[in-house]
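Participant: Basically the numbering used here = 1-based index in the sequence shown + 224.
There's no promise every hint is true.
[As the list claims (entries may be wrong)] Straight-line distance between alpha carbons at most 25 Å, and here's what the computed BS3-like set of lysine-lysine pairs gives: (1) K371 <-> K226; (2) K396 <-> K374; (3) K250 <-> K373; (4) K374 <-> K512; (5) K257 <-> K231; (6) K315 <-> K374; (7) K373 <-> K460; (8) K512 <-> K373; (9) K481 <-> K512; (10) K371 <-> K483; (11) K526 <-> K226; (12) K483 <-> K374; (13) K483 <-> K373; (14) K373 <-> K481; (15) K288 <-> K315; (16) K311 <-> K396; (17) K288 <-> K374; (18) K373 <-> K396; (19) K231 <-> K432; (20) K483 <-> K457; (21) K288 <-> K311; (22) K396 <-> K315; (23) K512 <-> K315; (24) K250 <-> K315; (25) K481 <-> K460; (26) K483 <-> K460; (27) K535 <-> K371; (28) K311 <-> K231; (29) K371 <-> K250; (30) K432 <-> K481; (31) K432 <-> K460; (32) K226 <-> K250; (33) K534 <-> K512; (34) K483 <-> K512; (35) K460 <-> K396.
These are calculated hints, taken from the structure and not from any lab test.
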Amino acid sequence: MKAIILKAIGGPENLELVEIALPSIKEDEVLVKVKAISINPVDAYARRNQESLNNVLQLRGDEKNIILGWDIAGMVTEAGPAVTRFKVGDKVFGMVKFVGQANGYAEYVAAPENDLALKPGNISFEEAAGATLAALTAWQSIVTSGKVKKGDKVVITGASGGVGHYAIQIAKHFGAYVIAVASAGNRDFVLGLGADEFIDYQTQAFEKLVTDANMVHDAVWSDDERHIERSLKAIKPGGRLLSLIVNLDDEMLEQLKSKNVTGYWVRVHKSEDDLAAIAELLATGDLKTHVSQTFPLEEMAKAHSFIQTKKAVGKIIVTV
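Turn these sequences into a full structure, and let the hints steer you where they fit.
Facilitator: Here is the structure:
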């Protein structure tokens with residue numbers, strides 16, 4: 225089968241298309257013929273950073289090939305004897321073996337059944353693949369950690385990105401008042417997702433315009449790690465700060481305490497229940513994936529080049 229291997233730490237050019245053997249499946253796994261792969265910022269970061277690569281792939285050191293990728297959608301072609309939820313022919317999607325080695329950049333992937341859900345019939349494989357790591361991150365931030373409720377004022381930074389565009393829709397689903405922070409060019413996009421207000425981060429300081437938020441979902445991939453302090457200024461006492469990128473150090477925790485704000489460093493994890501909830505929202509149309517660009521498997525390097533610009537709107541998908 226075709227697969228994309230990482231030859232060495234570095235630029236997108238180090239991603240190479242090769243032929244490798246089909247993966248074998250364990251008793252509780254299914255073999256998925258992959259139709260679409262979602263590309264995330266963490267993919268590009270792991271590709272160029274050895275420590276991150278070691279962490280997210282949990283490398284042992286004896287791997288024959290290094291293959292990135294965790295977010296897939298496709299069709300079940302084989303099921304292990306212990307599998308009870310899926311059968312051959314089922315269309316599925318999920319975040320597979322994250323963290324760990326899913327070897328998702330390939331034509332076939334061996335996936336534990338508990339990492340997958342049935343793909344709703346009303347969406348494409350591309351849309352389903354997008355609603356995996358990014359949608360789970362948004363759900364676990366807004367719902368699990370943030371405990372969003374009707375009437376909450378929620379600020380979402382990085383609102384036009386993969387995680388951000390799901391976060392807007394999830395917060396609105398629960399009845400929140402959503403303020404989306406993005407660039408001027410994405411104003412209509414985020415308002416079209418249901419945001420109640422828009423702030424252009426290039427010309428306005430959101431923390432000066434909003435100081436009474438119940439929650440700030442901070443999803444900005446920024447070189448300025450103190451961006452998180454700006455988010456804190458926008459939250460009223462008793463609120464919640466949800467940080468997706470920056471760990472909350474001791475200094476930041478003291479600032480949170482002084483303002484009576486609860487902080488969470490949100491780290492996405494697999495959850496059968498959360499994925500099922502996302503699948504239900506996709507099926508009802510309450511959650512939609514915006515696919516801004518697609519690339520064939522052979523152009524994985526182009527997909528990586530684009531995702532690392534930090535200018536991607538919605539999701540970047542690779543088709544197989």
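Participant: Between K481 and K460, does the CA-CA distance stay at or below 25 Å?
Facilitator: Roughly 12 Å between the alpha carbons, so the hint for K481 and K460 holds.
Participant: With the threshold set at 25 Å, check whether the alpha-carbon distance from K311 to K231 stays at or below it.
Facilitator: Cα-Cα ~35 Å, so violated.
Participant: Within a Cα-Cα threshold of 25 Å, do K534 and K512 meet the stated pairing?
Facilitator: holds, 21 Å
Participant: Within a Cα-Cα threshold of 25 Å, do K483 and K457 meet the stated pairing?
Facilitator: With a Cα-Cα distance of about 9 Å, the restraint between K483 and K457 holds, given a limit of 25 Å.
Participant: If you draw a straight line from the CA of K483 to the CA of K460, is it 25 Å or shorter?
Facilitator: holds, 8 Å
Participant: Does K226 sit within 25 Å of K526, going by the straight-line distance between their CA atoms?
Facilitator: holds, 17 Å
Participant: Please work out if K483 and K373 have their alpha carbons no farther apart than 25 Å.
Facilitator: With Cα atoms ~21 Å apart, K483 and K373 stay inside 25 Å; holds.
Participant: K371 and K226: Cα distance at most 25 Å?
Facilitator: Roughly 42 Å separates the two Cα atoms, so the pair is violated.
Participant: Mind checking the alpha carbons of K483 and K512 for me, to see if they're no more than 25 Å apart?
Facilitator: violated, 36 Å
Participant: Next pair to validate is K373 with K481; report whether the Cα-Cα distance is within 25 Å.
Facilitator: At roughly 23 Å apart (the allowed maximum being 25 Å), K481 and K373 satisfy the hint.
Participant: Straight-line Cα separation of K257 and K231 no greater than 25 Å?
Facilitator: Measuring from Cα to Cα gives roughly 24 Å; hence the hint holds.
Participant: Between K432 and K481, does the CA-CA distance stay at or below 25 Å?
Facilitator: Given pair K432, K481 holds - Cα atoms ~21 Å apart, limit 25 Å.
Violated hints, listed in ascending order, are 1, 3, 6, 9, 15, 16, 17, 19, 21, 22, 27, 28, 29, 34; each of the other numbered hints is respected by the structure.
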